[in-house]
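Q: These are the residues of each chain, in order.
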Amino acid sequence: MYLSTGCWQPVYMAKALFHTTLFQQLQQELLLLQGLRAPLDTELQDPGLGIINQSFPHRSFPVGAVHEWISSNAEDAAATTGFMAGILGTLMRKGACLWVSRHRNLFPPALNIFGITPDQVLFVQAPDPKQALWAIEEGLKCETLAAVVGEVPELGFTASRRLQLAVEKSRVTGFIHHRTDRVAEHGACVSRWRIKPIASTLPGGMPGVGFPSWNVELCKIRNGRPGSWKVQWTPQGFSVLPEKMTAQERVIKKAG
Amino acid sequence: MRRYLSIWFPALLADRALRLRPELKDTPFIIAASQRGRLMVKAASSLAVHKGIVQGMAVADAKALLPELTLFHYKAGAEEKLLNRLATWCFRFTPVVAADLPDGILLDISGCAHLWGGEPSYRDTIIRNLTASGYQVRAGIADTVGAAWAIARFEATHFIVAPGQQEAALSALPPAALRLEPPVLERLQKLGFAHTGSFITMPATVLRRRFGQQLLTRIGQALGHLPEAPVPLQPAAVFREQLSCTEPVHTRVAIDIALETLLERLCNSLQQAGRGLRSAIFKIDTVDGGSQQIFIGTNRPVRNGGHLLKLFEPKIATIAPGMGIEVFTLEAPAVEALSGRQEALWNTLGGADTGTELAGLLDRIAGRMGDAAIKRYLPAEHYWPERSVVPGGLFEQPGSAWRSNRPRPVYLLSKPEPVIVAAPVPDYPPMLFRYRGKVHKIAKADGPERIEQEWWLEQSQVRDYYVVEDEEGARYWLFRSGHYGAEKPQWFLHGFFA
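Same order as they appear, the protein sequences are chains A and B. Under the working numbering, read the first sequence as residues 1 to 256, first letter to last. Under the working numbering, read the second sequence as residues 257 to 754, first letter to last.
To be clear, the hints were calculated from the coordinates, so they are not data collected in a lab. Bear in mind the structure is a predicted one, so any value in this text is a computation, not a measurement. Built from N, CA and C at the ideal position, the CB exists for glycine as well. Be a bit skeptical, because a hint or two may be false.
Only pairs whose alpha carbons sit at most 16 Å apart, straight line, appear in this in silico EDC-like list of lysine to aspartate or glutamate [stated by the list, open to error]:
id, chain 1, residue 1, chain 2, residue 2
1, A, K169, B, E613
2, B, K281, B, E335
3, A, K141, B, E613
4, B, K566, B, E516
5, B, K539, B, E569
6, B, K571, B, D512
7, B, K539, B, E516
8, B, K744, B, D683
9, A, K141, A, D128
10, B, K539, B, E484
11, A, K196, B, E728
12, B, K566, A, E138
13, B, K566, B, E520
14, A, K230, B, E728
15, B, K694, B, E728
16, A, K196, B, E727
17, B, K307, B, E324
18, B, K697, B, E727
A few chain A residues that face chain B, going by a derived Cβ cut-off under 10 Å, partial list only [to be verified]:
id, residue
19, G50
20, F107
21, P118
22, I198
23, W214
Looking from chain B toward chain A, a few residues come up when the C-beta cut is under 7 Å (computed) [as the list claims (entries may be wrong)]:
id, residue
24, L499
25, V509
26, A510
27, E613
28, L614
29, P665
30, A754
Only chain A is shown next, with the shape it has when bound in the complex (with noise of 0.2 Å):
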């Protein structure tokens, strides 16, 4: 009996084995074959968005790929150019920044505690929202941006698709900012996000406004696992807040 299941066990490995590789050579190939190449070392940025790394394909934010963020009012709107500041702030080290939008309202000033120097960034203020989506494209296409940040109403499946062929090119990252609720399910972007501001806590209990947090909810990434976190920006850069379980949970985990 022992040396039957000696004798098994080792082929069962090797076959389970056999079939990882396989899968995961099969899932390179086609994480290939959608425009997500696994990054080159020269191009690893972690914006040390921790756990959430774990949701990503290739277990990194990715960078090339075009990520849209929904925003139904002023204030989400603000918690994700916050949000997005964040990123872009890693990414700007390689380069400048597009920022097209119709109307300007964004301060630069603020972009500076978000790790991003304000003059390193270029906006255009376009008249139409078809003028927009051009200056997108071309700004994707120039590979000597680090990233392309567009405000437009609304992205077709078409314009998603020329914006993601585009970046799969230059390896540019771009980010799609909606302001609107109205927006079309389908698209050709490798993600979607949603970040609505929370309230802030400043160590110790003390009183008065605490560090920028959000809710970051990450509604779908192509060949990763959507989730949500409670996301705080601290001087030293993103940290994950811990998952506050309610009682009934914590019970639902003990019992396993």
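Following the hints, position chain B against chain A.
A: Here is chain B on its own, set in the frame of chain A:
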């Protein structure tokens, strides 16, 4: 055999002033320059001259003569600049032009006059054109520079001296026509020489002993025995290429080919001159005599044909060939020096690239949406939030550091929006505020941060800013305009924090 034409502007500066300000037509005015500590008349308008004001008079005397005199200050080097400009204009008549300071232009017209149908009509054309633009002009033609100069200034009737006839033409003119220094002129006058004819034939040794070498040189130059070469003006290099078609064309493909060819040639000549263009005009002339043009501009000197073609591309569609295009012209009206070193400038925006690609992108965006569409912001040393950033140029470096010690919102409303608040005690943050119909209960607040308006720029009320967070976690920037006093101060929402 050379021929020279000398143009004299008897009232160059006054004419120029009149040209710039036509409303001065009926007012006597003078242009005054300070000389040895006092103001002297440098030029006077014809009305002022009529009243007896002449060049070289003290301004105080002129004012005494004519109290209503208008006075302008002379800018050093004004004539030189003006004469150079006029001389450049004269390039259409001859390739060799020189500015003849202080009040003339000299043209070497050898072999040019017949193109205008002979010397009289050549001279008339020049005079007519200059008179039409508001200048009083006299011009003389002769074999030598000196003779032409003398004829233009001192001859009253015959302005064209036939070849070889300088001596006869000059003999009736006063000695001043020989361009002599004042002491020599004075001595000639003392000795009773009223005309050049009375001493020009005298033996050289006699003249040299009494008047010095200068008189002999001037006589020799005027008569053509001694050489005299004016320093000609160098025409500015023109970057312009032309392409004529053997058959009129009207297809897009043909226009593209023509533009490509012209761009290639233009970029080659720019390369040789070490320059890059800042703007370019593509002109077409159609068979029916029409002319159209499209214009592009770049944000830095460029001589990359491919990039320029891209800038032109969206505008080519606006060309209407009509009956067919005969001639294509590509011109670069604005060029700047372009060396390899300039590429490095773009590193101000970070990154290791040479910047050509990014600059190309910005050119394309500017070409489509206008220059004002692209903005970059630099910190300004002001506390007032609206004034704390200024739009900067693409290559400009920030003059001061970005401040990050005070909280600033991600979104700043361009105009603060009034909100209704309930504040418990003066100088305390409000308990709640109503913005766009929604009541926000304030859970946390920081502040106040008092920001005063800079009184030397603008007068308005002081602002007390509070960072507040409502119960839902959204963070706002509120301020109270003014102090609590007789009337209740108004509260405003000015921004949203991340």
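Q: For every hint, state whether the structure bears it out.
A: Okay, the hints, checked on the actual structure:
| no. | hint | verdict |
| --- | --- | --- |
| 1 | A:K169 - B:E613 | holds, 15 Å |
| 2 | B:K281 - B:E335 | violated, 21 Å |
| 3 | A:K141 - B:E613 | holds, 10 Å |
| 4 | B:K566 - B:E516 | holds, 10 Å |
| 5 | B:K539 - B:E569 | holds, 14 Å |
| 6 | B:K571 - B:D512 | holds, 11 Å |
| 7 | B:K539 - B:E516 | holds, 14 Å |
| 8 | B:K744 - B:D683 | holds, 12 Å |
| 9 | A:K141 - A:D128 | violated, 20 Å |
| 10 | B:K539 - B:E484 | violated, 43 Å |
| 11 | A:K196 - B:E728 | holds, 10 Å |
| 12 | B:K566 - A:E138 | holds, 12 Å |
| 13 | B:K566 - B:E520 | holds, 13 Å |
| 14 | A:K230 - B:E728 | holds, 14 Å |
| 15 | B:K694 - B:E728 | holds, 12 Å |
| 16 | A:K196 - B:E727 | holds, 13 Å |
| 17 | B:K307 - B:E324 | holds, 12 Å |
| 18 | B:K697 - B:E727 | holds, 6 Å |
| 19 | G50 | violated, 19 Å |
| 20 | F107 | holds, 4 Å |
| 21 | P118 | holds, 6 Å |
| 22 | I198 | holds, 4 Å |
| 23 | W214 | holds, 8 Å |
| 24 | L499 | violated, 30 Å |
| 25 | V509 | violated, 25 Å |
| 26 | A510 | violated, 27 Å |
| 27 | E613 | holds, 5 Å |
| 28 | L614 | holds, 5 Å |
| 29 | P665 | holds, 6 Å |
| 30 | A754 | holds, 2 Å |
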